[in-house]
Structure formats: C-alpha cells, structure tokens
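Participant: Go ahead and model the full structure; you've got the sequences and the hints to work with.
Protein chains: 2
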Amino acid sequence: MDAKCPHNTEVHCGDCRMNSLCLPLALQTKEISQLDEIVQRGRPLQKDGHIYHAGEEFKSIFAVRSGSIKSYTVTNQGQEQVTGFHLPGEIFGMDGIGHNRYTNSALAMETAAVCEIPFSSLQELSIAIPSLQRHFFQLMSKEITNDQSLITLLSKNTAEERVATLLLSIANRNMRRKLSGTRFRLPMSRADIGNYLGLTVETVSRVFGRFQKQNLLLVDKKEIEILDFEKLQALAN
Amino acid sequence: MDAKCPHNTEVHCGDCRMNSLCLPLALQTKEISQLDEIVQRGRPLQKDGHIYHAGEEFKSIFAVRSGSIKSYTVTNQGQEQVTGFHLPGEIFGMDGIGHNRYTNSALAMETAAVCEIPFSSLQELSIAIPSLQRHFFQLMSKEITNDQSLITLLSKNTAEERVATLLLSIANRNMRRKLSGTRFRLPMSRADIGNYLGLTVETVSRVFGRFQKQNLLLVDKKEIEILDFEKLQALAN
DNA sequence: GACTTCAGATGACCTATGTCAATAACGTCG
DNA sequence: CGACGTTATTGACATAGGTCATCTGAAGTC
Numbered sequence: 118m119d120a121k122c123p124h125n126t127e128v129h130c131g132d133c134r135m136n137s138l139c140l141p142l143a144l145q146t147k148e149i150s151q152l153d154e155i156v157q158r159g160r161p162l163q164k165d166g167h168i169y170h171a172g173e174e175f176k177s178i179f180a181v182r183s184g185s186i187k188s189y190t191v192t193n194q195g196q197e198q199v200t201g202f203h204l205p206g207e208i209f210g211m212d213g214i215g216h217n218r219y220t221n222s223a224l225a226m227e228t229a230a231v232c233e234i235p236f237s238s239l240q241e242l243s244i245a246i247p248s249l250q251r252h253f254f255q256l257m258s259k260e261i262t263n264d265q266s267l268i269t270l271l272s273k274n275t276a277e278e279r280v281a282t283l284l285l286s287i288a289n290r291n292m293r294r295k296l297s298g299t300r301f302r303l304p305m306s307r308a309d310i311g312n313y314l315g316l317t318v319e320t321v322s323r324v325f326g327r328f329q330k331q332n333l334l335l336v337d338k339k340e341i342e343i344l345d346f347e348k349l350q351a352l353a354n
Numbered sequence: 118m119d120a121k122c123p124h125n126t127e128v129h130c131g132d133c134r135m136n137s138l139c140l141p142l143a144l145q146t147k148e149i150s151q152l153d154e155i156v157q158r159g160r161p162l163q164k165d166g167h168i169y170h171a172g173e174e175f176k177s178i179f180a181v182r183s184g185s186i187k188s189y190t191v192t193n194q195g196q197e198q199v200t201g202f203h204l205p206g207e208i209f210g211m212d213g214i215g216h217n218r219y220t221n222s223a224l225a226m227e228t229a230a231v232c233e234i235p236f237s238s239l240q241e242l243s244i245a246i247p248s249l250q251r252h253f254f255q256l257m258s259k260e261i262t263n264d265q266s267l268i269t270l271l272s273k274n275t276a277e278e279r280v281a282t283l284l285l286s287i288a289n290r291n292m293r294r295k296l297s298g299t300r301f302r303l304p305m306s307r308a309d310i311g312n313y314l315g316l317t318v319e320t321v322s323r324v325f326g327r328f329q330k331q332n333l334l335l336v337d338k339k340e341i342e343i344l345d346f347e348k349l350q351a352l353a354n
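As they're listed, the protein sequences go chains A and B. Taken in order, the first sequence gives residues 118 to 354; the numbers are from our numbering. Taken in order, the second sequence gives residues 118 to 354; the numbers are from our numbering.
Treat the hints with care, as some may be off.
Copies of the same chain are indistinguishable here, so a pair counts whether it falls within one copy or spans any two.
Think about it this way: if two alpha-carbon atoms lie no more than 25 Å apart in a straight line, the pair counts; the simulated SDA-like pairs of lysine to any residue are [as the list claims (entries may be wrong)]: (1) LYS176 with SER266; (2) LYS348 with GLU197; (3) LYS330 with GLU233; (4) LYS259 with HIS216; (5) LYS147 with GLN240.
Hints in this document: simulated from the structure, not taken from any laboratory.
Facilitator: Right, dumping it as structure tokens:
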C-alpha cells in the first residue's frame, strides 16, 4: 500500500528506526505486529501542511517519523499559542481524547512524515495487551509532567533561562535519537520559539545575541552549535 | 471499616454526592460496585496535611471528597510552583503514572477527605470495563488541555486577566457542584494564587483592589462575591 | 538581475509587574 | 489578655521585557 510515498522505506513498526522511542520496551514481537496492523504509515507532509485542525473530530493520535511538527491553539482573541514541538519518535494528538475533538492544531514545520494510530483500535488493542495500556497511560502522564514544567518555566524563569531550557531540551531529544547534542538545526522560527516561551521575537533574538557574546553558543540563522553545555545547563537550572 | 473516620457517612461510590463528577457516566450499577471495592474511602486530612510528596513511589490516584487540595512542585532552585487546585469531585495524582513516582506533592489547603484509588487495581479493572479505560484516558487528556490553557494564560495574559480567569474557573467548578457561582470562599491564600498564576502576592492583592473599585467583586479576605459576572468574563476572555 | 518579501537583528523608549518597606488585621498560644 | 507570627494591603521605586521603528540579508519570483 501507499506505493506513491517516497518516505515509505520502512514499512513496519518492527523495522522503524524510531521504534525504541515510540513503542513500549516490553512489547513482544507478536504484539508489535498486532500494533503494526492498526498503524497507518507514511502520511508525507509538506512544510506548513496540517495534520489536523483544532475543533475537528478526534480519531487518531500520531507519531512523528521524520521532520518536525508544531502543536498550537488559537485563543478566542485570535492569537496563536504554540503548545509543543514534536520531533521524530514522539507522539502527539493526545489532547483530543478528552472531548473527542482536537483542542490543538498540528502542522509540519518542514517536510515531515507521521504515522497515524486510530485511537479506537488502540483502545481495543490496549485491552488485549495490558503493557500497551500501561504505556499509553504513562505517555499521557509524561505529557502532563512536561506541560507542568513549561508552566513552571513560564511562571518563574527569565528570558535567558527559558531559551537555555528550550535549547537543552532539543539537544537532549536529539541525543536520544543518537544525533549530535551540540550541533543541530532548529526546526522552528524565532517567532515560534518566542510564542512557545511567552516572549517576543525581539527578546529571543537578543538572548541569542547575548549567548553568542558570552561564547555559550554559535548561532547561524537556524544552525546552532552549543559551545558551553555546562554553563547553559547552569543557566537553565 | 474505618470506624474512626467521622467523614465516612457515605460508604459507597454509588451513594457519594460527588459520583456524577468523578465517575464515568456510562458505568453500570454492577460496574460501580466493582470500582467501589478497590476504592479506599475516607482518609481524613488536616490543614497542610500531605497526601503524598514529590519523589515518593506512585501507587494511587485520588479523588477529592470534601475540602480542597493543592498540587505543587519544587524547582531545583527550591522555589515552590503551584500546579493545581483540586475541589470535591476532582481527580488528582495522575502526574505520577509516567515515571512511577509522583512529580508533584499534594496537601490539604483545609480539612479535607480524599478517596484513594490504587492504580494497579484500576488498570486491571480498566481491562474488564472498557468504558472505564476510556474514562481515564479522557480524564488525563482533560488534564493536558487544562495545563495547556494555563500555559496560554501565563504566556499571553495580563495580571488582571489571569486573576479573572481563576475566579471564573472556581465559580464554574462550584456551579458544577450545585454551589453558588457568585458567592464562595477561596480555599487558597493570596500567595498560592500568585504562585499559581505567575504573579507576586502584591500584584494579586492590587488586582483584587482594582476589581473592587470597579464594582466587579466584593472581597472580604477569602470570601468572594462576584458582582458583575459578565464583565469578569469579558476580562478573562 | 532588479524587485519584493520575509525572517532576523538591533536600538530607543515605555510600561506592567516585581522589589522593598511599612502598616494593618487577624489568629493563636502562652 | 497581651505578644507574636502570619496574611493581606498599600505605596515608592526599579527593571525585565514589551513596543515600535529601522536595517540587513537571504529567498524567491517575474
């Protein structure tokens, strides 16, 4: 199936490079193939292509296969609020479960591919495979903890601390994928960073400037090199 | 059992005044009694008594039966961050699932009683009762959406908007419990409000002052009377 | 290859909220 | 009942970050 999809080289969860990130560790080979059957693979996306819009009926959660995804809501005053950045191996869309509608919109920040996991099938499978149920409870709980750290960040930290924290978060998530934790390309714009961190573009820009002057960072547009990981961690605390 | 607990007048979930809030609507009588068997009722708490501390092994989630509970984390710089206020009928403790440890601490802001629901039993029961599984997925998802609205509030709104939003949230939650939405007692201190909303005590105090001067509110210490619900909603937007 | 557009950087200035300090009101404990 | 600690209020002042305006360079695009 999906012969027209150029990204579709890895056809099964069992073969996917990301499976150690998005699947429960305890899953048996047999169970993986059960999960495999309900996953709709591929779904290639162009930059700025939407996966779903806020308000749409909730049907599936998604795993990032390649590229990067941004989740955001729109306030009733019409302002955008970025609620998350999702990198390969990460799951998103769980905000939709509560009211059977997505509360966020999700779009590709660059060319990307996602796996779609129909939630009703996942629920049924969770009854057959208890460790899968457990895994999804854990996944959602981690999302809660994540959101709560962001709350703390916004409520207690300065602009510099916020930016440092985001950079380290991306660095760590890259390392989990066996990529460099010190040299990488930011998939999002300065505006998205500012929006996510509750700052203006100007402030983000200035913080990058200061970090460069202090030789913590080397910034070339979206390319980042972290020169002093330790000091950055101290800042992020 | 638990003869020493003076709050223990309602002995079963089926009889509990809060059950329409903390149980899934679709649950059959038979299923309610199954759930009933795993719930450990009562647990009376004094003001400032802890239900659990951050870092402790996660065993159970909790439902508020009476009184009110505050969840908070402590940053590695030692500052407290209030992450939620829980009123009767509400569930808390789900942050612990992700890493098998509570990431928040929870304490009673006044004399309170909670029901303890051992998570392992709940997981097993969820396999037997699919609508219960669904209910818990929904509950956790709603927690995510809630946290995300707080993120938006902190990231985009002024002090007045934040305070107005919190007041309306409490008013609405009181109404869900068939209590007055316009006259109520705040269970938390100004410091807790400020901490939760990313503001200082002084700012919270000033906002209350301004709201009184504008005849939106009547404030007497912790007693609140909302005089102009509409205008407050317009502010909270 | 000039023209437009957009993302990012930088400077000057402004303001909402934080900080610090003083005071008042209340509860509690000897 | 008086003394003390805690919580809330209020004022004067400081500042981090927002706002607005300008400038630069890269990426399309006709």
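Participant: Within a copy, between copies, both or neither: where do LYS348 and GLU197 come within 25 Å Cα-Cα?
Facilitator: between (32 Å within a copy, 24 Å between copies)
Participant: Reference check for the pair LYS330 and GLU233, CA-CA at most 25 Å: within, between, both, or neither?
Facilitator: Neither way: LYS330 and GLU233 sit 44 Å apart in one copy and 53 Å across, limit 25 Å.
Participant: As a check of your reading, is LYS176 near SER266 (CA-CA no more than 25 Å) within one copy, between copies, both or neither?
Facilitator: between (28 Å within a copy, 22 Å between copies)
Participant: Checking LYS147 and GLN240: alpha-carbon separation at most 25 Å within a copy, between copies, both or neither?
Facilitator: both (18 Å within a copy, 22 Å between copies)
Participant: Classify it for me, LYS259 with HIS216: is the Cα-Cα distance of at most 25 Å met within a copy, between copies, both or neither?
Facilitator: both (20 Å within a copy, 8 Å between copies)
Against the hints set out earlier in the document, a violation occurs for number 3 only.
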